[in-house]
Amino acid sequence: MSEFAVEATNVVRTFNAGSVQALKGVSLRVPRGEVFGLLGPNGSGKTTMVRILSTILAPTSGTATVDGYDVVTQPNEVRRRIGLAGQYATVDENLTGLENLRMIGSLNHLEKSFVLRRAKQLLDEFGLNDAANRNVKTYSGGMRRRLDLGAALMARPPILFLDEPTTGLDPQSRQDLWSIIEGLVEGGTTVLLTTQYLEEADRLCKQLVVLDKGTIIAEGTSQELKTSLGATVLSLTFHSTQDATRGLEIIRVISAKPANIEGTVVELTVDGGPSSAAEALRRLDAANVALAGLTLREPSLDDVFLSLTGHKTEEEGPATDDASTKRPVRNP
Amino acid sequence: MTNDIETIHAEKGNLRWAISDVLTMARRNLLAIVRIPTALVFSFLQPIMFVLLFRYIFGAGAINVPIPGGYVNYLLPGIIVQTTIFGAVGTAIGLAEDLQHGLIERFRALPMSRMAVLAGRTVSDLGRNVVVLVIMTGVGMAVGFRPHGGLINYILACLITLLFAYCLSWGFAFIGLAAPNSEAAQAMTFPLIFPLTFASGIFVQVSTMPGWLQPFATYQPVSEVAKAVRYLMNGPNVILPHPGNSVWIAIVWSVGLIAVLGPLATAKYKKVA
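Chains as they are written, first to last, in my numbering: chain A, 1 to 332; chain B, 1001 to 1273.
Isolated chain B, as found in the complex:
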């Protein structure tokens, strides 16, 4: 047997290999979603349950938002944002599992790109979120969601949702790396995810909340993103006659988050793995 290193190693530039590594890792993560029943349920079934819950139980009369088309038009843009944020928990769990099982050790002994583990994880989340957005749009239409903002704005709204979720998933990557195991990782994301998605304008108008909660619920990033997405999907309307700077604020939040969370997660990865 010859051990000629050069003959079997393909020659490509560093950047091309880095992209190839990220895609290899992302593909592997996506396969796991399809193969683990609980992952499949949490990724795709849970969001649908949420739509049905708020559309037909809480939204049938208990929650009132004076918006043309009814509560469903208020709910859907918000729940799309919520779903992509809930999905990022998968980043934390997946990374914690890889650490726990020693897979990251193996990756570190390979001549692969150093950032491919984290980037692959967040990119697979992005891929899953694209599918989630398509499903949510379909389900939303089926339960009466009628966006009036036009196709271009709808796509723009989806892109902003994806951008924000992608940037936020670096924070969840950090949690996954800091957690001792996957169960703990899941538990650690909860106290973060709940206030961000529920103390927000996703399901109800912030003005109906107690006074002390309103400042947080109004200005926290998820509310800002939901506001931008809602405006783009629904077009100008009674409760949101003009978007103000909400689209820009959503983008600034996203970029700001990744600027902080990206280096944080990368530093943690270097330390723990």
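Next up, chain A with everything else stripped away, as it sits in the complex:
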């Protein structure tokens, strides 16, 4: 048995006779029993990678194994060990929830008696008992997503691929799905999850890679990624927006790293931490600008992404701030 649940080496995938390069040589190793994150904006190649690993698409070059089986030469062995759920909740609208699960169970070539037992168990676990015999057409987005995940879990796969599982969900449904995923991992399942929500990766993923335009631009634990920036964020709150603007001008010389101003709050990425804070205080004091508050915080994955790619994630999570109040200082 392979040490890793998923191993990909130099995976390249092109479309339209080579004119579009979706993946430009991606290698990754997913350890067993944890959530591994594939983070990146739309079009970064996340979904292409998941489609290759789940045997839907063949790589143009490179190799990939899942649970030790090659996705190209042993696709059926791979298919028996994986579950796939995605952003497009691929369930059959014309069937009931129970019928959907039974269909997937049967197509997974499971024992008949097991199929019914497992379907009922999953409907129960995912709070779909009351809707079990209703057409999926009448389901809400969150219910569909849970049913979709249930379908992926019918065969109790040791490895689960989740392609943007919470995209487009309301906060409560998101929390529900996160709890379910955490429960699965506790039970020993390996999860490979793609997301464009940094908050999601931070909460769920032990290790992650950051994909941008088909290339891995960073990898490690989310903690490692943050510290690799070698930086802390100095956050200063002023009494007025005028003070904030003046304050930023004064302290801008401390660091060449990104800075943001948002209302009365100025955020500056700094190398020194406490010493930078002391320096800022001295300069502001000398210029007679009063402060309402000061904090030093670890960079968020948002900060990491911005500094790695030079652009923000395209679609921001609901937890991030309203873009209209945020203006980048570097490019006014």
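In case anyone wonders, no lab produced these hints; they're calculated from the structure.
Check each hint, because a few of them may be wrong.
[Stated by the list, open to error] With a straight-line cut-off of 20 Å between C-alpha atoms, the simulated EDC-like cross-links for lysine to aspartate or glutamate are:
| hint | chain 1 | residue 1 | chain 2 | residue 2 |
| --- | --- | --- | --- | --- |
| 1 | B | K1012 | A | E77 |
| 2 | B | K1012 | A | E111 |
| 3 | A | K112 | B | E1183 |
| 4 | A | K206 | A | E77 |
| 5 | A | K257 | A | E298 |
| 6 | A | K257 | A | E224 |
As the structure is a computational prediction, the values presented were derived from the model and not from experiment.
Given the structure of chain A, go ahead and fit chain B onto it with the hints provided.
Same frame as chain A, but now just chain B:
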């Protein structure tokens, strides 16, 4: 939780699983027909409307075919063939929808038989057509259709109709896979279905058509099949004293079509999904 792959996976031979997969898919498609009102109307109500339209409006005096029993005996065998061909549009729409909704992606990540999606689709069409034939026979009898060819020949005629429709549905499967969405799939089948069913001997005798149209209308496959079905259902009569090779021609057309359309649809499926 244990993740023991072997204990929950049932052991059967590959062929038995392939058959099971096809039936699972076919069952799912048939359930959809019952649950989507428009599908139900198009599958079962529309054919009945066609019978009534041609029997009591066009066939009440406007169309004359000198056949014992009157026009209804000419119409019914033809309209049975037309109905099963119209029904195949469902194959195109259903496949286009499955592609659109990402269901085919999910199927491809399952350890199921590769050909079950297409075969399940065409088999469910076959199942629906069996029901359609029973309904059409009943409705036909109710409006005065009196087949004189005998029961065995009637059943044989139905089997030929089913065979031809099944083979043709692979072509519609190809269209469904090539279409960008289900609406387009439906639109794409139209320019195909209209000349095949209306520029044919289904509703009127080809000899009443303009000269330039007659060669196509005489020899195109739907006319050949309608001719065979008509002969078997009605028995020898004035307009068709002997069947010639029409039954064989219908079978050859069917086999020929599936020999071309089957691989075409399969290749398309491998490419798009």
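Do the hints match the structure? See the list:
1. A hinted pair counts as satisfied when its Cα atoms are at most 20 Å apart, and K1012(B) with E77(A) qualifies at roughly 16 Å.
2. Our distance criterion of 20 Å between C-alpha atoms is met by K1012(B) and E111(A), whose separation comes to about 10 Å.
3. This hinted pair does not check out: K112(A) and E1183(B) have alpha carbons roughly 37 Å apart, beyond 20 Å.
4. With a CA separation close to 27 Å, the supplied pair K206(A) and E77(A) exceeds the 20 Å bound.
5. Proposed proximity of K257(A) and E298(A) is supported: the alpha carbons are some 14 Å apart, at most 20 Å.
6. Our distance criterion of 20 Å between C-alpha atoms is met by K257(A) and E224(A), whose separation comes to about 19 Å.
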